[in-house]
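Heads up: the protein sequence lines correspond to chains X and C, in order. Start counting the first sequence at 1; every next residue gets the next number (this note's numbering). Start counting the second sequence at 1; every next residue gets the next number (this note's numbering).
Any given hint could turn out to be false.
Some but not every residue of chain X turned toward chain C, in silico, with C-beta under 10 angstroms [what the hints assert, rightly or not]:
#1 Ala18
#2 Tyr36
#3 Leu38
#4 Tyr51
#5 Ile69
#6 Gly85
#7 Pro113
#8 Tyr114
#9 Leu123
#10 Arg126
Example chain X residues on the side facing chain C (calculated, C-beta under 8 angstroms, incomplete) [stated by the list, open to error]:
#11 Asp33
#12 Arg44
#13 Gln53
#14 Val70
#15 Asp74
#16 Pro116
#17 Ala118
FYI, nobody ran anything at the bench for these hints, they're computed from the structure. Heads up, the beta-carbon is just placed ideally off N, CA and C, and yes, glycines get one too.
As a plain string of letters, each chain reads:
Protein chains: 2
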Amino acid sequence: MTSSTVLRKAVETYWAAADVRDWETFGTTLSDDVVYELPQTRERIRGRERYLQFNREYPGDWRVRIERIVSEGDQVVTWLLVETGVEAAHAVSFFTGDAEGRIAAVTDFWPEPYEPPAGREQLVERY
Amino acid sequence: MTSSTVLRKAVETYWAAADVRDWETFGTTLSDDVVYELPQTRERIRGRERYLQFNREYPGDWRVRIERIVSEGDQVVTWLLVETGVEAAHAVSFFTGDAEGRIAAVTDFWPEPYEPPAGREQLVERY
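In isolation and in its complexed conformation, chain X is listed as follows (with noise of 0.2 angstroms):
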């Protein structure tokens, strides 16, 4: 397999574990260093403990559904449906790899629904 393959399997590992709560098999995916950040609150999680500890106690009942992945070399790109109740949110994460295909980056993104600034009503359709 190609690095990019193998970054792209350790993705999509790291997101199935992740639905599941299996912490163990999420670990498995990640650079002993990893770096986690979230720029819309510019936190950062460094190291493997650390970010398996951020996710185990992360709350919530959220389940996770892949809509599209993207990969190229040693980046990967996910945009995920994130189930918590009534609606679904919307995540998108970008990867980046180790030598070993193992992430060693995370930076996800969680844009939120707001109401769409007047003026552009004939522009567009509302689904």
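Got chain X sorted already, so can you dock chain C onto it with the hints?
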């Protein structure tokens, strides 16, 4: 060039043209029946002419810079830093291509800053 390379170049041209408001060049990257979607507002725009008008009329003095681009097959993803004055915003766009390597669909996410929830301060640093 592979179709993947053609689409990637179309996306690079799309952002370079948007950055300098060259709507003629921007339009050449788009499929006639391009579909633009904003899941956060649940807005959809159909067709090149309406989508060009939407972009021409989009307010503000923004500049865009590609932070990441990931391309695979008929898909491209970009993560942009959008400068609008004081602070840079993030934008993530998922593209798919048509048979000619033009942009057939664009899905944009505009994640906004938010305050981190309490309870994980011991795991994170702020940046």
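Under the criterion of a CB-CB separation shorter than 10 angstroms, is X/Ile69 in contact with chain C as hinted?
Nearest chain C Cβ about 9 angstroms off; hint holds.
Would the stated hint for X/Arg44 survive a check requiring a Cβ distance to chain C of less than 8 angstroms?
This interface hint holds because 5 angstroms falls under the 8 angstroms limit.
With a cut-off of 10 angstroms on the beta carbons, see whether X/Pro113 makes it to chain C.
Constraint on X/Pro113 satisfied, holds at 5 angstroms.
How about X/Tyr51: closest beta carbon in chain C under 10 angstroms, or not?
holds (8 angstroms)
Taking the least C-beta to C-beta distance, is X/Leu123 closer than 10 angstroms to chain C?
holds (5 angstroms)
Given X/Gln53 as an interface hint, is its Cβ closer than 8 angstroms to any Cβ of chain C?
holds (6 angstroms)
Go through the hint on X/Ala118 and say holds or violated, using the shortest Cβ distance to chain C against 8 angstroms.
violated (11 angstroms)
Interface hint check: X/Tyr36, Cβ to nearest Cβ on chain C, cutoff 10 angstroms. Holds or violated?
holds (9 angstroms)
Double-check X/Ala18 for me: the hint is only fine if its C-beta lies closer than 10 angstroms to a C-beta in chain C.
violated (17 angstroms)
Chain C contact restraint for X/Val70 - C-beta distance below 8 angstroms:
For X/Val70, the interface hint holds, since the closest Cβ of chain C sits about 5 angstroms away, which is under 8 angstroms.
Return the status of the interface hint for X/Pro116: holds when the least beta-carbon distance to chain C is below 8 angstroms, violated otherwise.
At about 4 angstroms, which falls below the 8 angstroms cut-off, the nearest Cβ of chain C leaves the hint on X/Pro116 intact, so it holds.
Status of the X/Asp33 interface restraint (C-beta, 8 angstroms, chain C):
violated (14 angstroms)
When each numbered hint is compared with the structure, violations occur for hints 1, 6, 11, 15 and 17.
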